[in-house]
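Asker: As you go down the protein sequences, you meet chains A and B in turn. Quick note: our numbering has the first sequence finishing at residue 131, numbered continuously throughout. Quick note: our numbering has the second sequence finishing at residue 130, numbered continuously throughout.
Among these hints, one or two may not hold up.
To be verified - Which residues of chain A face chain B? A partial, calculated answer using Cβ under 8 Å: (1) Arg18; (2) Glu49; (3) Ala100.
Unchecked claim - To spell it out: a stretch of chain B is covered by chain A in this simulated footprint if at least three of its residues, at any positions, have a beta carbon under 8 Å from a beta carbon of chain A; those stretches are: (4) 42 to 51; (5) 60 to 71; (6) 109 to 115.
Quick caveat, the hints were computed from the structure, so don't treat them as lab data. By construction, the Cβ of each residue, glycine as well, lies at the ideal position given by its N, Cα and C atoms.
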Amino acid sequence: MKYILMMNAPRQGFETYRAWSEKDVQTHMAALWAINKDLTESGEFVGTEGLAWWEDAKLVRAGKNGSPVTDGVFPESKEFLAGYWIVDVENPERAYEIAARISGAPGPSGIPTDMPIEVRQIMTSRRQELP
Amino acid sequence: MKYILMMNTMRASQGVPKWPQQDLQAHIAFMQGLVKELKESGELVMAEGLSFPNEAKLVRADSDGMPITDGVFPESKEFLAGFWIVNVSTPERAYMLAARISAAPGPGGAPLNMPIEVRPVPSGPPPEMV
Numbered sequence: 001m002k003y004i005l006m007m008n009a010p011r012q013g014f015e016t017y018r019a020w021s022e023k024d025v026q027t028h029m030a031a032l033w034a035i036n037k038d039l040t041e042s043g044e045f046v047g048t049e050g051l052a053w054w055e056d057a058k059l060v061r062a063g064k065n066g067s068p069v070t071d072g073v074f075p076e077s078k079e080f081l082a083g084y085w086i087v088d089v090e091n092p093e094r095a096y097e098i099a100a101r102i103s104g105a106p107g108p109s110g111i112p113t114d115m116p117i118e119v120r121q122i123m124t125s126r127r128q129e130l131p
Numbered sequence: 001m002k003y004i005l006m007m008n009t010m011r012a013s014q015g016v017p018k019w020p021q022q023d024l025q026a027h028i029a030f031m032q033g034l035v036k037e038l039k040e041s042g043e044l045v046m047a048e049g050l051s052f053p054n055e056a057k058l059v060r061a062d063s064d065g066m067p068i069t070d071g072v073f074p075e076s077k078e079f080l081a082g083f084w085i086v087n088v089s090t091p092e093r094a095y096m097l098a099a100r101i102s103a104a105p106g107p108g109g110a111p112l113n114m115p116i117e118v119r120p121v122p123s124g125p126p127p128e129m130v
């Protein structure tokens with residue numbers, strides 16, 4: 001079963017992260033890489049990406065002739081996807097366990113960030129349910 | 001340059017939309033056609049559709065590192081419905097593809113005009129983070 005584990009944060013969360021010391025960032029990244037390595041070894045790793053920061057985000061719609069209309073204005077409350085992992089696991093509980101490990105990755109002074117991680121199954125692996 | 005094109009929806013979408021079967025099929029055929037085209041042009045990195053928001057869980061670790069799951073989300077939360085990662089020559093090309101997705105057919109074949117969020121996907125963490 002494929003699950004996506006999403007790290008979402010409002011703008012303020014990104015700004016807080018930006019203020020971390022270099023050492024704290026490195027410790028945090030090392031913990032995330034260790035998770036990727038363990039998932040690769042267990043055969044559960046499908047993919048992960050970290051996205052560019054929210055200020056690089058554009059909202060795109062099609063204009064009348066189909067050409068893109070871009071906009072960079074987002075509501076203050078909007079959460080932006082910071083990054084995600086896709087894992088292939090036996091059951092949802094295992095996906096939650098991995099998400100908990102990500103949530104418990106060390107933040108400033110080594111204290112777990114306790115970031116909420118959104119977990120959802122990938123629908124494209126359940127294609128039979130689509131019309 | 002890698003870009004992610006995200007289709008975000010509001011909470012209202014709790015399952016397959018109640019559109020006529022024919023409109024749903026036309027929408028899905030459009031999406032499948034786009035993926036096929038992007039595979040042929042060599043621009044597709046990956047595309048996934050997610051399950052509906054009613055299946056979403058928010059997970060944190062308790063003091064022992066065990067998962068605490070919660071399914072309560074703020075009313076205003078946007079949910080990712082699906083995404084495409086494309087490898088394109090310019091941001092304009094990414095915006096063009098997003099515009100096509102935005103205009104995917106909805107009920108009665110009318111363009112949905114959904115906003116698509118587009119953001120660069122760096123090939124690795126920024127140098128100051130490693």
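Asker: Taking the hints in turn, state whether each one holds.
Answerer: Outcome of the hint check:
1. Arg18: violated, 10 Å
2. Glu49: holds, 5 Å
3. Ala100: holds, 4 Å
4. 42 to 51: holds (count 6)
5. 60 to 71: Coverage by chain A holds for the region 60 to 71 of chain B (9 residues, Cβ < 8 Å).
6. 109 to 115: It holds, with 4 qualifying residues against the three required.
Hint compliance for this structure: hint 1 is the single one not met.
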